[in-house]
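Respectively, the protein sequence lines represent chains A and B.
Residues 1 to 229 in our numbering are what the first sequence lists, from first letter to last.
Residues 1001 to 1203 in our numbering are what the second sequence lists, from first letter to last.
Read the hints as simulated data drawn from the structure, not as lab findings.
Hints are not guaranteed to be accurate.
Anything over 10 Å on all C-beta distances counts as not near chain A; from chain B, calculated [stated by the list, open to error]:
hint : residue
1    : Leu1031
2    : Ala1050
3    : Val1123
4    : Glu1133
Quick list of the computed label-pair ranges, beta carbon to beta carbon [said to hold, decoys possible]:
hint : chain 1 : residue 1 : chain 2 : residue 2 : range
5    : B       : Ala1083   : A       : Arg116    : 21 to 31 Å
6    : B       : Pro1027   : A       : Pro70     : 41 to 51 Å
7    : B       : Arg1086   : A       : Pro138    : 22 to 32 Å
8    : B       : Arg1023   : A       : Arg116    : 46 to 56 Å
9    : B       : Val1123   : A       : Ser127    : 19 to 29 Å
10   : A       : Arg130    : B       : Arg1086   : 15 to 25 Å
11   : B       : Arg1023   : A       : Val56     : 46 to 56 Å
12   : B       : Val1123   : A       : Val51     : 52 to 62 Å
Beta carbons are placed, not taken as given, at the ideal position from N, Cα and C, and that holds for glycine.
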Amino acid sequence: MDWQALWLTIRLATLVAGLLFVLGLPIAYWIAFSRWRWKFFVEAVVGLPIVLPPTVLGFYLLVALGPRSPLGRVWIALTGHTLAFTFSGLVIGSIIYSLPFAVQPFATAFAAVDSRLLAASAVLGASRLRTFWRVVLPLSLPGLLTGVGLSFAHTAGEFGVVLMIGGNIPGVTRTVSIDIYDRVQSFDYASANETALALLVFSFIVLVLLYGLNRGWRTGGVRGMYGGR
Amino acid sequence: MADGRSSRHVRRKVTDRGRIELRLRDPEFTLDVGFMLRSGITILFGPSGAGKSTLLDCIAGLRLLDEGRIEVSGVVFFEHASAINRSVQWRRVGYVFQELALFPHLSVEQNITYGIASLPKNVRRERVDRIVEAMRISHLRRRRPAEISGGEARRVALARSLVTDPRILLLDEPLAGLDIPRGPRSSTIFGRGTSCIEFLSFM
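If we strip away everything but chain B, and leave its shape as in the complex, we get:
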């Protein structure tokens, strides 16, 4: 299996960043999707219940698929035909849930370091310093999720994902509760009910 980390720079100029084709049969509905990912941001629109979150769960490996193939940045996550189904942990995606799912018993800093515990301490500290600075959450490091605002919590969740240097970043309803100026652009471009798959250029 190719190492996504080392080949990243080579692939940067290629516009095709992955293909997703999948079929999922649930007692209540069938999800049947096929599209190509291009570098930059891919946004999925659809009314609630259309399966946006389910699709992101499938890409992250949180749901079992019936058929299809998921390839991201040259790495195959899932392929029905050859019985490839990589574990959630192996896929190394960043996924910010709609409900954020910050660990309530851990501080902001402990939340952010959760996914990089295996890295050497100095690397860890350097990455955390960088991300909390970028996300303007340095002053919240010792607080717990219950003690920060909704927008701050969203930035913490984003930092927690980005700091792991993921292959792909999945954002479910990214504009819900964000501390952004309420201008016409942000609301008209995305609107509610948006899921967003973004290719990352953070680290």
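Looking at chain A on its own, in the form it has when it is part of the complex:
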């Protein structure tokens, strides 16, 4: 087991899930409540990483983050090195790659909040922001948890994007999935299996926890859901 790769993967996935939570809330809010007629266009862009081959996404990210693009040049001017083949580059790539896995559960949860509750909140004088904090967010808790869990697990398991924009630098961009690929390439099936199994068990546990919690939330009643404060 490559502990360095495992630690890197956990760091990457935690950071990306945290950033996606912050970034995903406003995007999901907009998707759930905007009445703009071209909204579906934005939804399609956000959903793109679900259907796009990771190599395609990784390729364009590599170009976009590279020294020839405006973004890449700004980054080089600021930090002195390119975004590609760094941990930061990996974080940016993973955020885009896992965006729909956070935004879609968030947006679904927001849209599922009874619109009459939002109306009641407004009639009682609450601003949109206060309504969001006091009503929308607490009632979307299961969806938020699903979004964060899925984006964490999805980032932890990504391969194509990481390989394209991160390469395979131990301690910097070498994640668990790359490590597995490497070992298979060198016919080291035994240790590849060890790591792969760990990743499989881990992903399974995350999903079991997510679905189990969601189920408890739905059937456990309101008291169980909010701890009977």
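Given the structure of chain A, go ahead and fit chain B onto it with the hints provided.
Coordinates of chain B only, in the frame set by chain A:
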């Protein structure tokens, strides 16, 4: 804009408490209403689908109007001609929905204080104490909406509106599920399919 709160006492003796004229075009129907509000209770009768709830939504500011003018207690909520359209929050109406819309994740007390969070704590407590006493729901303060009966929930929703000291109280289907003795009066006077606009003398 005149402050409805301070001028309330002056206006109390006047019978004319507002005028409502509005036109709303929806793909499915057109709502065209005009009437004068008098102090006391105004009751709207009509079969379901006549637009009673829609009218209340318009007064509360939850729906955009095409034309008309809404004036309540000397305060203009909406005036097409001069492009006045006050926000829902600004209008300070009390509105008890047919489906009540209590916040399921908040306790009865948290529901009631929701609209008065900006008031000082002692004022808040005093108002809540008074209203829960009046509505006979003191014993339910810590319960959640899922843990109380339909009639209790209705009284909580009423308390939540009244405690904000609204300019006007809108009740949609106020007799649905109310814990009132099933005498001939209550059912024959109002019947089902009633929306009620009431002028308030609570605070």
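Each hint, compared with the structure:
1. Leu1031: holds (18 Å)
2. Ala1050: holds (20 Å)
3. Val1123: holds (15 Å)
4. Glu1133: holds (21 Å)
5. B/Ala1083 - A/Arg116: 21 to 31 Å: With Cβ atoms ~28 Å apart, the hint holds.
6. B/Pro1027 - A/Pro70: 41 to 51 Å: For B/Pro1027 and A/Pro70 the Cβ distance comes to about 46 Å; the hint holds.
7. B/Arg1086 - A/Pro138: 22 to 32 Å: Holds: the Cβ-Cβ distance is about 28 Å, inside 22 to 32 Å.
8. B/Arg1023 - A/Arg116: 46 to 56 Å: Violated, since B/Arg1023 and A/Arg116 (Cβ atoms, about 24 Å apart) do not stay within the stated range.
9. B/Val1123 - A/Ser127: 19 to 29 Å: Holds: the Cβ-Cβ distance is about 21 Å, inside 19 to 29 Å.
10. A/Arg130 - B/Arg1086: 15 to 25 Å: holds (18 Å)
11. B/Arg1023 - A/Val56: 46 to 56 Å: 53 Å Cβ-Cβ, so the 46 to 56 Å window holds.
12. B/Val1123 - A/Val51: 52 to 62 Å: holds (56 Å)
The earlier numbered hint that this structure contradicts is number 8, and it is the only one.
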